[in-house]
Every structure is written in C-alpha cells, then in structure tokens.
Amino acid sequence: MAFPLSQSDKFKELSSRMSEPFKLIGDLKSQGHKMAGVLCTYVPEEVIMAGGFSPIRLVTGASNSTSQMHKLHANYCSYAKSCAAAAIEGKFGDLDALIGATSCVPKIRLFEAWNYYKPTPFNFIVDTPRTMSEKGFELYRDELVDLFGKLKEQSKVEAGDAELKDAIQKVNKLREVLRKFAALRQEDNIVLGGSEMHTITLAAQTLPKDEAIETLNEILDEAKSMEGKKPAKRLIFSGSIAETNQIYDMIETNCQAAIVADDECIGSRYYEGPVNLDDGASPIDAIANRYLSGRMPCSRDFGVEKRIDNIKQLYKDYRADGVLHFSLKFCDLYQYDAPVIRRALIEAEIPLNLIEVDDPSGGLGPERTRLEAFLEML
Amino acid sequence: MIVVGIDSGSLSTDAVVLDENRKVLGKSVVRTGASNVKASESALEEALNAAGIKKADVGYVLSTGYGRNGLDFSDAQVTEITCHARGAHFLFPGTRTVIDIGGQDSKAIKVSEKGKVLDFAMNDKCAAGTGRFLEVMARTLEVELDDMGEQSLKSTNEVTVSSMCTVFAESEVVSLVAAGHPKEDIIRGLHKAISERTIALASRVGNEPEITFTGGVAKNKGMVAELEKKLNVKLNIFEDPQIVGAIGAGLIALERAQKAAAAS
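Going down the list, the sequences are from chains A and B.
Take 0 as the starting number for the first sequence in numbering that gives the first Met the number 0 and just add one per residue.
Take 0 as the starting number for the second sequence in numbering that gives the first Met the number 0 and just add one per residue.
Check the hints yourself; a few may be wrong.
[To be verified] Calculated pairs, BS3-like style, for lysine-lysine (alpha carbon to alpha carbon, straight line, at most 30 Å):
{"hint": "1", "chain 1": "B", "residue 1": "Lys115", "chain 2": "A", "residue 2": "Lys228"}
{"hint": "2", "chain 1": "A", "residue 1": "Lys311", "chain 2": "B", "residue 2": "Lys258"}
{"hint": "3", "chain 1": "B", "residue 1": "Lys113", "chain 2": "A", "residue 2": "Lys315"}
{"hint": "4", "chain 1": "B", "residue 1": "Lys258", "chain 2": "A", "residue 2": "Lys228"}
{"hint": "5", "chain 1": "B", "residue 1": "Lys153", "chain 2": "A", "residue 2": "Lys315"}
{"hint": "6", "chain 1": "B", "residue 1": "Lys115", "chain 2": "A", "residue 2": "Lys232"}
{"hint": "7", "chain 1": "B", "residue 1": "Lys233", "chain 2": "A", "residue 2": "Lys311"}
If you are wondering where the hints come from, they were derived from the structure by calculation, not from laboratory data.
Assemble the whole structure, with the sequences as input and the hints as a guide.
Below, the structure is given as structure tokens:
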C-alpha cells in the first residue's frame, strides 16, 4: 500500500473489511443475503443476481493453507488448496450456493471435493469452452440458461429478461467505476498502484452491488482530488490469480515500482468490457458474449496471441518500463503460455520478468531478489 | 577514494576493499552463521585489517546478497545478480554469460559488452545443484569438501545419481556405497548431476561464450571439468571465485562514490 489512496480513511475501512473475507460472508448472511460463492470470472454475476442470489468471489485472505491438500492433489495452486481448506473446514460458513466453472483442472477438482465433503445446498459448474468460437458461444450460453433456470428453482423467485437487464445495468455501472480507477493510473503521478486497485476490485466482487457502487464512487471522488506520486518504474502485471495484495506490496512497497495496469483474474478480467445490450441481443446472449469475448481471456483460452497483443498494448498505453508475467506455482495454463509470451516480448524488445510464487508466499528473499534484479536491469 | 563491497550470502559473507584504481587492497571470507549483520561486520573488519585501512577512511560501502538489507553501515544495496555481472565482466571483459553456483542457490546471467545484465535465471527452488548438495554428500561419504573435485577426476566408471532432491540423493549415495561402487565414481556421478542442472539453468539465458564461472563451487576442479566438457568451452575462473560478487559490489560502490563526488 504505497500510494496516496491507501491513506484515505474510507479506503482503509474498505481494506480492513477485505482482509477478513470469512467475516464478510457471515455479516452478509446475517443481513439476509442468499450468498452464492463464485470461484471464477467465467461465472456470470448477472445471472446469479437475477436468479435470486448475491454473488461473492471467494478468497481466503492470507491463508495459503495445505491442511486439506490430501483431498485434492499436491500439484495444485495455492488458490485451490486454500479454498479447499477453508471450505472443508467450514470457514466459508453457510454459503447458500457454490458456482464454479470448468476453468482448469484444480478448480474443477476443488468444486468436486467441496461438494463431496461439505456440500452446499445448491451447486453448479458452468461448462466453459476453450476457444471463443460460435460453437463455444452456444455451449456457454446454453449453460447460462440452465444455470438461470436452476437458480430460480432453488431460490423460488420468478425472474426473466427484466431482472437480467436490471442486473446487467447494475454490474455495468460497477465495472464502469473500476475502469475509471484503472484510467487514473495512466498519469505520470499516480494515486493508486496495483495493491490499492486489488482491494478496490475485490470489494466490487464481494460486497453487495449497491453498496459497492456507492462506496467506490465516494472513494473515486477522493482519488480524483488527491496528489499523485511518481513511481520509480512503471510495470504491467499479467497473470493468473493474485488472491492477496502480497505480491503487489512486495513490488510497490519494497521496490518503489508501481503496477500501472494489469491483466489478472481478480483485476481487469473482472471489470473489462460491459455487457452490451445495444444490438438487441437477448440478455443471456449478451452476458455470454461479454464473458467469453468482451474482455481479455485468461490463459485457459487457446489463443495466446490475444494475451500477447493485449500486453503490448498496455505496455504502450500505460508507458510502462517492463512487464511482470505472474503465475501461481503449479499453474500449468500460465506456465504453458510463458515461453511463447517471452519470445514475443523479446522480439518486441519489451523487458519481461517471469514470477512464480504461492500467494501469499513465505519466501520473500528469493522473490524480492528477482524483482529487484529485474528493476535494476530496467 | 576507498570503497568496500560486501556480499552477504546464505553460507558465506565476503568483503572486498578497493581503491580508486579498482585495485583490491584487502579481502575476507567469513561464515555467515546465524547473523548476517555480525558476519558482515566481521567481514568488513577483516578485509580492512588485511588492507591496512581504517574504517573512517572508507568512502562508500555497498552490500549485496540475501543479507544485503539491514546493515546500518551500508550506503546502498544492489542485488547479487547485478554485482556478479559487473564483477565477472571486470575480471574477464569477454564475459557474456556468468554461471554462479553458491552455497544455496545458483544463477545464470546474460551480460552485455558493457557488463550490464540483459537477462538472468535463478534456481532457488531447491538445493540440488548448489554448494549445499556437495557439502551434504561430502559429509555422507566422509570426504573433505575440498577434496571432492580431485576425487571426481580419479573416476574411471560412470555412475548415475538419479534423485532430483538433495536429501533423497543422500540416501541414494548410501545405497551406491553399499552396492560396492568406488567413492570416486559416485562423486563423479554427483558432479555430473549438478552440471546437468546447472546447464539447464544456463541454457535459459543462452550460454553465450565467454562463460565465467563464479561462486565457491568454481573452486571444485571436478565441477569445472564436467561443465567444460558439457558446454564445450574453456570457462573463465578467477583465482578467488567466491569474491566476484563482492568485487562487483565494490565496483558499483566506486562508481556511485565518484558520481557523488563529481556532483558536489
């Protein structure tokens, strides 16, 4: 938390709430929300909301727990292992639903193990295609129709296109606020870095939408009136899941660099791209379209060229000095892409550093040395 | 102008005293032990004694290595990657790749003609392929660490040590001894294993000659022989390969001190 926004009282309060994810679920449940835990950005919040539930992206705080690793597989990322431990040990409390996606093998196994050992009243895994083709779109859209129907059955609500449109408008509004925060980082002097942005995007995915829109708009107004700070180096952060701010803090607090843009799961993949109702598509079609093709895909998509082009564009637009490619340990998807991205960026003469860590990780020495050595190179 | 470079690593802390002509006036290597601060202070004192210089006459101290932070007498900290590149390039201006095998990690660094870091790769996930690996095996085989290289060169038969992990390799070595394999053959097998891992690491940055080999393990003739054979090049090795990082730190210290003096 190295940038001016972290000094704001409102921001500090938000950050404090984000640091206790289990407590947040408990609080929201006691306020009467029907909580649907979400495991992946390919799970559409709008469908969940129209279906009578409150979506909440699941994170475990700084747990990095391996206590239930034997129920999964040792070669899974820290996100899967931590969620499994929290789930099976009951730390997520009484979630009313669990919605996953076929993002990757660890998440599928996590979903299965969770439902085996500690079943939620309702669970659904969205079959998500690997390539964003016409067939893929149809598969995904049909999954969403199915999900919507089953959610309504479970929550006993009557809902249709009108409710979907309401949800779409609400989430679009929220994404818009986040994009405004992101745009502030194009300046030379920045008010927020990757660490602050992480807290803000996590808040958007965990708080009830109305509250998130109100609170984040207030913080945005504050941010606009603050004096920015010039970072020593500007970096693009592209990668899998940064569950906590730890990796951002390591870069920004210790090394005086700043993440000025990201291409990461809890970050831009959440807020990039609105659901577009303008061309008269049905709400479900529009939602499916946005989630599959309306934003940068994660590495599960076979088209790595899209990621490469996006990284190059961000590097240019945000006037960066270098790129950090981040993967959690054991994240095969990101590690398969890494050599291809590396070759492309070497050709484009864009400095790149590959980081592979648990999140959070205990070994600060080697990671910090790598980051500092990379910055010394720039 | 007198400067000091300190490389505080996980196993040893090395200090080098340089004058403005980049001449090494004194040096020291001490065991880091439990306190990088105490070890750095000892290393500094020993190096200054060896140089015949008083602490008050030192113009700039730059520290590197895992223990580089938290030294109150250090004016700046730079990673050992940058320092090794600079040190190796100073000693061997044709250096385009540095392979550093230290106590607990190994690094490969791609270096420009000017001694700048172009790319690097670190192995810090596991100790197999580092000085620690050799220490453990020397103890298991009851051989002096310094003799491991010589023993390896006496080997006449191929023995393969296949375990990826230092601890499991130790068990494997015990089995090989029990099966009657001569010590020299086992030791050569261990060196082969390290060299394979090292070359895999170095290949990530391209292995462009000239290749300079630094770190304590560069004193091991057996390792040098294995690497030269596999890489098909003659390696550059400084007479005191352990202090290359500290020399690099000293050179950067000198640059910064001279810059500061010019600016005032």
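Pair hint outcome, B:Lys258 versus A:Lys228 [Cα-Cα no greater than 30 Å]:
At roughly 26 Å apart (the allowed maximum being 30 Å), A:Lys228 and B:Lys258 satisfy the hint.
Going straight from one Cα to the other, do B:Lys115 and A:Lys232 come out at no more than 30 Å?
Measuring from Cα to Cα gives roughly 18 Å; hence the hint holds.
For the pair we were handed, A:Lys311 and B:Lys258, check the Cα-Cα distance against 30 Å.
violated (36 Å)
Do the alpha carbons of B:Lys233 and A:Lys311 lie within 30 Å of each other, as the hint requires?
violated (40 Å)
Would you mind confirming whether the straight-line C-alpha gap from B:Lys153 to A:Lys315 stays at or under 30 Å?
violated (58 Å)
Has the given pair, B:Lys115 with A:Lys228, been kept, meaning a C-alpha gap of at most 30 Å?
holds (29 Å)
Within a Cα-Cα threshold of 30 Å, do B:Lys113 and A:Lys315 meet the stated pairing?
holds (28 Å)
The structure fails hints 2, 5, 7 (numbered hints given earlier, in ascending order).
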